[in-house]
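Student: Next come the chains, spelled out residue by residue.
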Amino acid sequence: MSRPPANSAAPLLEVRHLTKRFPVKAGFGRPVRQVHAVEKVSFSIAPGEVVGLVGESGSGKTTVGRTIMRLTEPTEGQILFDGTDIAHKGARQMLAFRRRIQMVFQDPFASLNPRARIGTLIAEGMEIHRVGTARERAERVAELLDLVGLPADAAGRYPHEFSGGQRQRIGIARALAVSPSLIVADEPVSALDVSVQAQVLNLLQDLKERLGLTILFIAHDLAVVEHFCDRVIVMYLGRIMEIAPRRRLYSAPQHPYTEALLSAAPVPDPDAKRDRIVLEGDVPSPIDPPSGCVLRTRCRYALPECARTVPELREVGPDHYKACIRDDILPEPTTTGGKKNAS
Amino acid sequence: MVRFLSERIASAALTVVGASLVAFIILRAVPTNPARLIAGPFASDDVIAEVERALGLDKPIYAQYADYLVGFLSGDWGFSYSTGQPVYALIAERFPASAELALYAFLFAFVGAVLMTVLVSFTRSRWLDRFLRIFAFVNIGIPPFWVSLLFLMLFFEQLGWFPGPVGRGPAPGEAVTGYYTLDYLLAGDVGGFWAALRHLALPAFALALAPMGFLIRLLRANLLDVTHEPFVTVLHSKGVAPLSVHFRHILPNAFLPTLTAGGLILAQLLGGSVLVERIFVWPGVGTLVIDGILRQDYAVVQAFIMLSAFIYIGVNLLVDIAYGYVDPRVRRS
Amino acid sequence: MSEPLLEVTGLKTSFSTPRGEVRSVDDVSFTLGAGETLGVVGESGSGKSVTSLSIMRLVERGGGRIDAGTIRLRRGDGSRVDLQSLSDRRMRAIRGNDIAMVFQEPMTSLDPVWTVGDQIGEAVRLHQGLTRRQARARAIEMLRLVGIPDPVSRADDYPHQMSGGMRQRVMIAIALSCQPALLIADEPTTALDVTVQAQILELIKSLQDEIGMSVLFITHDLGVVAEIADRVAVMYAGQIVEEAPVREIFTRPAHPYTLGLQQSIPGSPASSAANGRLKTIGGAPPDPLSVPAGCRFAPRCPLVQPACREDEIALADVGESHRARCIRWREVRVR
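Residue numbers (the numbering used here), protein chains in the order written: chain X, 1 to 343; chain A, 1001 to 1333; chain V, 2001 to 2335.
Keep in mind the hints are simulated off the structure, nothing from the lab.
C-beta: ideal position from N, C-alpha, C; glycine also.
Incorrect hints may have been included.
Okay, the calculated beta carbon distance ranges per label pair [stated by the list, open to error]: (1) Ser-2087/V <-> Tyr-301/X: 56 to 64 Å; (2) Pro-2306/V <-> Gly-149/X: 21 to 29 Å; (3) Ser-2087/V <-> Val-24/X: 51 to 59 Å; (4) Asp-2311/V <-> Asp-146/X: 37 to 45 Å; (5) Arg-2309/V <-> Glu-161/X: 22 to 30 Å; (6) Pro-2149/V <-> Ala-272/X: 24 to 32 Å; (7) Pro-2306/V <-> Arg-1133/A: 52 to 60 Å.
Build the full structure now, drawing on both the sequences and the hints.
Tutor: Structure below.
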């Protein structure tokens, strides 16, 4: 692959050949084995873009997010943020970048002090990065609470007083406090009930439009990603299978895995046609992934050739990339643009 | 399984080396010169140098360590300066007394804790549960020597049910194992076995109480945790009777994590107990070691540290192997 | 429809919490016909899982209590029993035999120190008096039925040697081992990945055809319900607010909550994602310790009027086998 797939504008984030392998505990005389969590992942995000990163458990999507945040150290590869490689920066040099990349977690309070007030929690990032005076920070907290649709008196209250949806709003306010350029959102709505999930998605939509946020949106729910993202990256077993603009991906997936994933998702419509492609069996172990294409053990289109060559991510249309050697299996997108497959 | 075992044994060997190194260095760091201790306060420097040479104390420290380790493994544990006897013989003579006491104490602690906890948890009686928690709490808090004195006052002086502080009682005619109860049984002497057991009872119970309290707490917490596991609800949804759920499913799961604690308790008990041995005039290693420390008889103390390390490691190895057999998650992973 | 297999009437279940008494299920009634699948949908705290545990009489273990109601089951011999009035012993003979259950968490629903074969065999030995050898044969047969490859050697596996999807298959094998007339599936695919969820849903559907059992399928996912259910009951704050055949629920919802739920889901036909926004239901479900008087949905309802807040609203017929707990049901419109 000569160049990593990129959008037209100069990317805010560019990930090149990112690889993360975790060593597995081994005993005496046993070769050290590795979990191939992320293998040679390359993609980029343009300023103002919302990119979805979807995959099932074990796909490596969360590891990609954590590695970009440097919560996990990459094994190989580059993470170019605004042109600077932050993959191997030391803690002190990293500090300046940490302010510019913020994360929203699935459960924002799982790792936070339950005895700290909401105002303190939101202002924490500003204090770490020495943003403004104490008074300015308090004003900013009030402004942020208003922005995420919480009452101003929330600042003086404690996490346990808030419902799941409200907590996620606080988590978003916390991330926005230091005016980051990039937000990595790891399953931000998947723990929420549907009615609350819709509220938080609408909030994110508002914020994206008002603040021009750039977001890497990690999720397993395909419908949520379709609703919210401009472009979608599909991962399986540590590798990228397909990258495409949302409409193209959902209307005319070019990779067999994307096709199966889309057909497996239940649609809330009893009249929807269900010619489901069921992937047989389980996801193989990431310690010993299949040779060649990692999907081949479950792929109904697999050829003997698939076991021999690792398929490169290659361009198959405008901004559309896939890692599959076959071009004769799935219909090309129609020129008139995508129809939503769900409706 | 073979690989699992060889791994555990290899890591145990490494630990022994580490422990021996620590024992060796700590005792070498003591300012007293053993050569002076042996030769006496009025010996000339020449005499002391000669003693040092005889003991190998003039060699570089790593060579001393190597000598020591090789010696230890071949049964040469040095000489006691105070008695002039080989340390190995001294300990070998007294170890079975301590070990027998420890094994019975362990048996009482483990069986008692399991029986009480399981029965109380099965009755689901709040009153009994509260009693059990207080019992465990008190057990952990009471020092064994105090219990020993209490037992003696009550069961020997007042009630006369058990023999007083006279040690292990009459020795069996033929010492095959050094364990009196076992030797009597081997000789087919039930009366002797009974007598030996009666001598063991009070000190063993005194030693058992604290570990019993600890095990009760641990087992009780485990039982409570497992009872709330989703698989227990599944079992009830299958129509399995409560008795069966409790004894065939919850108990084995709750029991597994106590193996580790059991191993540690056993190892600790095997190291002997100075105060309880003193009170019951028990001829065990605890007394020997205290004397060794007081007389700066460092070969005895060093041998004891090494022996304790071996016991700890040996027991833990046994625990690991036991896990390999009883816990499928360890067995196959 | 012929005589129903299960008939739940006026079920009320409550839990004692440190903050007070919580009525988790309040006056729930429904029927389930032979071979039918009823989907019970609701968000967290709606009482859908407590309903299923009440039918199994397993709420006491979690500190709950059934206060009122009858749960009538038609048994294989045609006799009808009220599960509420059975002795513990007779209830145990029904659990796992007439009614079986599959739970949400495949990773923790199996005993880690028993082989899966023994765990499947346990139920058949108990209910059908099979010998150890016969039970093992049945276990292998069940593993084959639920699509586990190489069932003979897999029967000797322990749960930790299996993936989540495989364990859920084992759970289904356990549940179906005694050929129950009713399977209660409580969020059986929620913890699974979407492709594995698809496998499990297909499996439940095909086994239902094969065995002819009824299924009570509890889920929060309207997509799953659309796929598997014949009829749907929507629960909110401990009550059924609407019940109808599946197509009716999606095309002609008669309760504002049902409609609101559908509109909240990205990509559903009802969701009107105008300028990228979803229609949402404002606010949050009521605190279970202080449910509002009158309609429990009133504080969040776009159609609310004063009458809604006065008296308890009854679950009333609004069409052919269609019931809704709303006085303005005629005004609920998909668009």
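Student: Taking the beta carbons of Ser-2087/V and Tyr-301/X, is their distance inside 56 to 64 Å?
Tutor: holds, 58 Å
Student: Given the hint of 52 to 60 Å, is the C-beta distance from Pro-2306/V to Arg-1133/A inside that range or not?
Tutor: holds, 56 Å
Student: Is 24 to 32 Å a correct range for the gap between the Cβ atoms of Pro-2149/V and Ala-272/X?
Tutor: holds, 30 Å
Student: Between the beta carbons of Asp-2311/V and Asp-146/X, is the distance compatible with 37 to 45 Å?
Tutor: Since Asp-2311/V and Asp-146/X have Cβ atoms about 39 Å apart, the given range 37 to 45 Å holds.
Student: Assuming the hint says 51 to 59 Å, is it satisfied by the Cβ distance from Ser-2087/V to Val-24/X or not?
Tutor: The hint (51 to 59 Å, Cβ to Cβ) holds, given that Ser-2087/V and Val-24/X are roughly 52 Å apart.
Student: Go ahead and decide if the range 22 to 30 Å is satisfied by the Cβ distance of Arg-2309/V to Glu-161/X.
Tutor: Between Arg-2309/V and Glu-161/X, where Cβ atoms are some 26 Å apart, the hint holds.
Student: Does the hinted range 21 to 29 Å hold for Pro-2306/V and Gly-149/X at CB?
Tutor: holds, 28 Å
The earlier numbered hints are all upheld by this structure, with none contradicted.
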